[in-house]
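Turn these sequences into a full structure, and let the hints guide you.
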Amino acid sequence: MRISTQLLYNNNLHSMQNGAAELGDLLQKMSNGKRIQRPSDDPIGAVQVLTVQRDQAATSQFVDNIGALSDSLDRNESYLTSMIDLQNRMRQIVTAAGNGTLSPEDREAYADELETLKDALVDLANAKDDKGNFLFAGNSTTTAPIQLDGAGDYVYRGDNKTREVQVSDSTWVTANNHGEDLFFSGGGKDIFNALDDYVEVLRDPTLSPGNPGFDGEQDAIMGSLDQALTSISAAVTTIGGRQNSLSLIETSHQDMMLFNKQLVGEVEGLDYAEAQSRYQSSLVALQVTQESFVKISQLSLFNEM
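Quick note: the sequence shown uses my numbering, first residue 3, plus one each step.
Derived from the structure by calculation, the hints contain no laboratory data.
On a predicted model such as this, the values are computed, not experimentally measured, just so you know.
Even glycine gets a Cβ: it sits at the ideal position worked out from N, Cα and C.
Treat each hint with caution, since some may be false.
Stated by the list, open to error - Taking lysine-lysine pairs in the DSSO-like style, the calculated list, with each CA pair at most 27 Å apart, reads:
1. Lys130 x Lys163
2. Lys191 x Lys163
3. Lys191 x Lys130
4. Lys163 x Lys133
What the hints assert, rightly or not - Simulated DEER-style distance windows between Cβ atoms:
5. Phe261 x Ala146: 18 to 28 Å
6. Ser62 x Asp125: 18 to 28 Å
7. Glu115 x Asp228: 33 to 43 Å
8. Glu107 x Ser80: 29 to 39 Å
9. Val157 x Gly225: 18 to 28 Å
10. Thr144 x Gln168: 22 to 32 Å
11. Asp125 x Gln245: 19 to 29 Å
12. Gln168 x Glu107: 52 to 62 Å
13. Gly242 x Arg56: 28 to 38 Å
14. Met259 x Asp228: 45 to 55 Å
15. Ala60 x Leu250: 13 to 23 Å
Structure below.
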């Protein structure tokens, strides 16, 4: 069978193109350290890498959620702890004001301090996050939770809903504490109105310890302080538990992300020694093909004309 010069020419040209393409592919793999450049390089490995990368992206989002939630809980805890400090001082004042030896002027001075502390407590209850959302308004984050109504009484204007943040495939963590639970639960008088009523009694020079009107408000403010302190302290304890859980979950996620990273590296990582050996072999083969191509391209009968 006669083999035409054109056929030899085409075969060598095709071999040379394939050799150059193989070298280019090897150079690309060696430059980025990945043996899988396209699914056809290893269909099973490519699917495995895509699956792991999808899981990695989801886990990374969970880690981001945990970071944001942890910061938010830290902020909540800081404000709640400050509320506890204020109320502890209020308790000291109320206890001291119940001393029957105080003068009306002394009680007036305590009333001034209590009013200042109450205003500070209202400010903390209406605290906002870095985006301007009210922290203790439930899901009504654009509404100040503690407000005065038309009668001059303090009321709660938020809602009693909580927000949940997903931190793993199966775990959601509560992100907030609403003011109704913190200040207006328990059946007694809320701390804000109780303080107003008690301050009014302290300012009344006709009332003093031993008087039923004074003693009744003394008992009421102590009950409201106990109620608020119990609710807020419980919220702080709950936040601490959430933070501990988040820390454990985040550690688990980070371990899994490290494992996934190693797995992807094992599946798509390039064996440089093998790649270098293949590169040298392919380079030699291409050089031989190029030399053959030059010789075959000179076999045309037209060269003899």
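Structure-based check of all given hints:
no.	hint	result
1	Lys130 x Lys163	holds, 17 Å
2	Lys191 x Lys163	holds, 22 Å
3	Lys191 x Lys130	holds, 25 Å
4	Lys163 x Lys133	holds, 19 Å
5	Phe261 x Ala146: 18 to 28 Å	violated, 47 Å
6	Ser62 x Asp125: 18 to 28 Å	violated, 37 Å
7	Glu115 x Asp228: 33 to 43 Å	violated, 20 Å
8	Glu107 x Ser80: 29 to 39 Å	holds, 36 Å
9	Val157 x Gly225: 18 to 28 Å	holds, 19 Å
10	Thr144 x Gln168: 22 to 32 Å	holds, 23 Å
11	Asp125 x Gln245: 19 to 29 Å	holds, 25 Å
12	Gln168 x Glu107: 52 to 62 Å	holds, 58 Å
13	Gly242 x Arg56: 28 to 38 Å	holds, 34 Å
14	Met259 x Asp228: 45 to 55 Å	holds, 46 Å
15	Ala60 x Leu250: 13 to 23 Å	holds, 18 Å
Hint check: violations occur at hints 5, 6, 7; the rest are consistent with the structure.
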